[in-house]
Amino acid sequence: MSSVDSMPSTDARSSQTVNSQKLIGPGYGGKHAELCANLRKRQVADLAQVSGRGTGILGWFAATLSDLTYFFFTWLPHTWWITFTSLPQLVLDPLGFWSALVFASVTTVVLFGTLIVSAIWRLSYVQDIWQPYSQRVDVGLGNLAYPLIFEFGASPRNKQIRDAAFAVMSDPTSTFAKPSTAEERNFDLEVSKLLMMLSALVYERNVGAYHRAAQTAHKYKKQNKKFMVGPGALTDSGKEVGQKLAIADAKINKVANEWGLNYASVSELATNTSPLCGAFWHPDHNFIILAFKGTDPVEFKEWAVDFTFDYTDGRGWLPGFTKVLAGFYNQIFPQQLNHATGAFPYTEIRTAITEIANQIRATSGRDHVNLYVTGHSLGAALACVLYSRAIASPKDFGQKEDGSNQIYVRDAYCFGTPIVGDPDCISAFNQACHDRDLDHPQALWRVTNRRDAVTTMLPDAGDHKTLAHTSPTSQLHFAHVGQEVQLSNDIHKVYTGPGTLLPTQTPVNIITHLDRGGEGPNVSLPPMLTVLEYIPVVRRLVAHLPSSYWDRLTKVQAEYDIEYAKWH
Numbered sequence: 001m002s003s004v005d006s007m008p009s010t011d012a013r014s015s016q017t018v019n020s021q022k023l024i025g026p027g028y029g030g031k032h033a034e035l036c037a038n039l040r041k042r043q044v045a046d047l048a049q050v051s052g053r054g055t056g057i058l059g060w061f062a063a064t065l066s067d068l069t070y071f072f073f074t075w076l077p078h079t080w081w082i083t084f085t086s087l088p089q090l091v092l093d094p095l096g097f098w099s100a101l102v103f104a105s106v107t108t109v110v111l112f113g114t115l116i117v118s119a120i121w122r123l124s125y126v127q128d129i130w131q132p133y134s135q136r137v138d139v140g141l142g143n144l145a146y147p148l149i150f151e152f153g154a155s156p157r158n159k160q161i162r163d164a165a166f167a168v169m170s171d172p173t174s175t176f177a178k179p180s181t182a183e184e185r186n187f188d189l190e191v192s193k194l195l196m197m198l199s200a201l202v203y204e205r206n207v208g209a210y211h212r213a214a215q216t217a218h219k220y221k222k223q224n225k226k227f228m229v230g231p232g233a234l235t236d237s238g239k240e241v242g243q244k245l246a247i248a249d250a251k252i253n254k255v256a257n258e259w260g261l262n263y264a265s266v267s268e269l270a271t272n273t274s275p276l277c278g279a280f281w282h283p284d285h286n287f288i289i290l291a292f293k294g295t296d297p298v299e300f301k302e303w304a305v306d307f308t309f310d311y312t313d314g315r316g317w318l319p320g321f322t323k324v325l326a327g328f329y330n331q332i333f334p335q336q337l338n339h340a341t342g343a344f345p346y347t348e349i350r351t352a353i354t355e356i357a358n359q360i361r362a363t364s365g366r367d368h369v370n371l372y373v374t375g376h377s378l379g380a381a382l383a384c385v386l387y388s389r390a391i392a393s394p395k396d397f398g399q400k401e402d403g404s405n406q407i408y409v410r411d412a413y414c415f416g417t418p419i420v421g422d423p424d425c426i427s428a429f430n431q432a433c434h435d436r437d438l439d440h441p442q443a444l445w446r447v448t449n450r451r452d453a454v455t456t457m458l459p460d461a462g463d464h465k466t467l468a469h470t471s472p473t474s475q476l477h478f479a480h481v482g483q484e485v486q487l488s489n490d491i492h493k494v495y496t497g498p499g500t501l502l503p504t505q506t507p508v509n510i511i512t513h514l515d516r517g518g519e520g521p522n523v524s525l526p527p528m529l530t531v532l533e534y535i536p537v538v539r540r541l542v543a544h545l546p547s548s549y550w551d552r553l554t555k556v557q558a559e560y561d562i563e564y565a566k567w568h
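According to UniProt numbering, the residues represented by the sequence shown are 1 to 568, in order.
Simulated from the structure, these hints should not be mistaken for laboratory data. Since we're looking at a predicted model, the values are computed, not measured. No residue lacks a Cβ here, since even glycine has one placed at the ideal position from N, Cα and C. Check the hints yourself; a few may be wrong.
To be verified - Heads up, simulated DMTMM-like pairs for lysine to aspartate or glutamate below, C-alpha to C-alpha not over 25 Å straight-line:
| hint | residue 1 | residue 2 |
| --- | --- | --- |
| 1 | K254 | E355 |
| 2 | K239 | D310 |
| 3 | K221 | E258 |
| 4 | K159 | D284 |
| 5 | K555 | D93 |
| 6 | K323 | D310 |
| 7 | K226 | E240 |
| 8 | K41 | E184 |
| 9 | K400 | D435 |
| 10 | K31 | E401 |
| 11 | K251 | D284 |
| 12 | K219 | E240 |
| 13 | K400 | D439 |
| 14 | K400 | E533 |
| 15 | K493 | E533 |
| 16 | K251 | E355 |
| 17 | K222 | D236 |
| 18 | K239 | E533 |
Unchecked claim - Simulated restraints on C-beta separations:
| hint | residue 1 | residue 2 | range |
| --- | --- | --- | --- |
| 19 | L541 | P147 | 17 to 27 Å |
| 20 | N522 | N224 | 20 to 30 Å |
| 21 | I491 | D515 | 39 to 49 Å |
| 22 | N430 | N522 | 35 to 45 Å |
Sequences and hints are given; from them, build the entire structure.
The following block contains the structure:
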């Protein structure tokens, strides 16, 4: 659909429109260097807390034994206990009965397979081959299919995308931004591309270097050495850990700076493996992007989180979320603090965001900061959980001198998003959205690529009205949050729905601020991926790759009509 004209912004919170042609320099440029240094010190303290939690500090045998123990004595008994104890409730629900058995069986087989793959991947001779190759091509395993996604200078289109996205995110209610209205919703092509790139970028943490940093922190912690002295100075031990963390995050920082952004890891999510929540921002533009890292392809414990399909009551932090998936919820809001770490990721995230926002307000001259959230795969699920809290309680991120919020929660763009909770969670999320600014509504855009297995093959009966009668105790009774945007096999077709945020047939438009309908940059994936896309089931796994999302997103044009789809 063509870009739609919007009425001029009447939001009292917005300021002058940002000039999209303004030269945007490197992220640091001398500004916020002290802030970045302080955030690094906080990361050192965070890692010191969680250095002993997880398999990141273990050798091959100990890590494999830990994974086997967790699988056979924690995950497996827990999963099958829940399955068997729920079966009596499903005797009058044959669909629910068999879905519970099939789902538990399939996830058991798949997770055991990931355990084997993870053990093989950690073997020293495998790493002796992979690490030199990874360093030579300068890309991690998650983005191996298309490393050029990060190359800012690879296409002039990247600068146009970056500049347009910066302008929109700095002033999302301006005429230039073409914001959503009460009558229709607008999916911004340039913002979605920038956030997709950042969702892929956080996979580029050097996991080996991060594990070495965790091992160093754990060693010094056992020796009762301090990492901080005084109000904010690192000891020699802390500096050593900080240097190793800098190596682990070097690729992320390098690419972020090339795109004109600062970067800092704001939470290690209470583990020493590799999940993270990172913040991206520019000192002169009043926005912050939170990006959650997705599942490491060969990290067993992260796959275990993905396949822990039991509910927990989330109402302690997410109003109305009666049954939210425990694996995702506990990554942000752990219900039981580890006695050795005491780490609470949400507190770490909001504290860092408040500090960054204070500095942005000082250097940008704006009275508020706009918050965007993104992630891919597991990162998308965590983004949904945090965003659900953020829209319900924006005051968590600090207030201005007059008592008003200094953070305005804007949109989330999530890619390859798994199911998050039951239909009651979705209703609570929708209510939180509707309780905000109805004239300038927020949206959680849930982008699905060509029947991606993670987004379309998991039980999501709660998304569909025709399956609304499914038993609440059924394994099928899950749902997604947000509004789905389906990127189909036909590059000229984009669909919306069966999403859960908007009433059926609500107009949804693709908008762009560039020529050629916003298409580009040109992407050409390796021939091997093209071959794999002809194999049933495998092609749905290939569709989940960040590179595949980037390829399909760059071919979308604003001129395409968005049709409503009842099914994936």
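Hint check:
1. K254 / E355: holds, 22 Å
2. K239 / D310: At roughly 41 Å apart (the allowed maximum being 25 Å), D310 and K239 break the hint.
3. K221 / E258: violated, 36 Å
4. K159 / D284: holds, 17 Å
5. K555 / D93: Between K555 and D93 the Cα gap is close to 44 Å, so the pair fails against 25 Å, i.e. violated.
6. K323 / D310: holds, 9 Å
7. K226 / E240: Given that 25 Å is the threshold and the Cα spacing comes to 12 Å, the pair holds.
8. K41 / E184: violated, 44 Å
9. K400 / D435: holds, 21 Å
10. K31 / E401: Given that 25 Å is the threshold and the Cα spacing comes to 23 Å, the pair holds.
11. K251 / D284: At roughly 23 Å apart (the allowed maximum being 25 Å), D284 and K251 satisfy the hint.
12. K219 / E240: holds, 12 Å
13. K400 / D439: holds, 23 Å
14. K400 / E533: Answer violated: K400 to E533 is near 51 Å, above 25 Å.
15. K493 / E533: holds, 18 Å
16. K251 / E355: holds, 24 Å
17. K222 / D236: holds, 16 Å
18. K239 / E533: violated, 47 Å
19. L541 / P147: 17 to 27 Å: Hint holds: Cβ distance 20 Å, inside 17 to 27 Å.
20. N522 / N224: 20 to 30 Å: violated, 56 Å
21. I491 / D515: 39 to 49 Å: With Cβ atoms ~18 Å apart, the hint is violated.
22. N430 / N522: 35 to 45 Å: Holds, since N430 and N522 (Cβ atoms, about 38 Å apart) stay within the stated range.
Going down the numbered hints, you'll see the structure goes against 2, 3, 5, 8, 14, 18, 20, 21, while the others check out.
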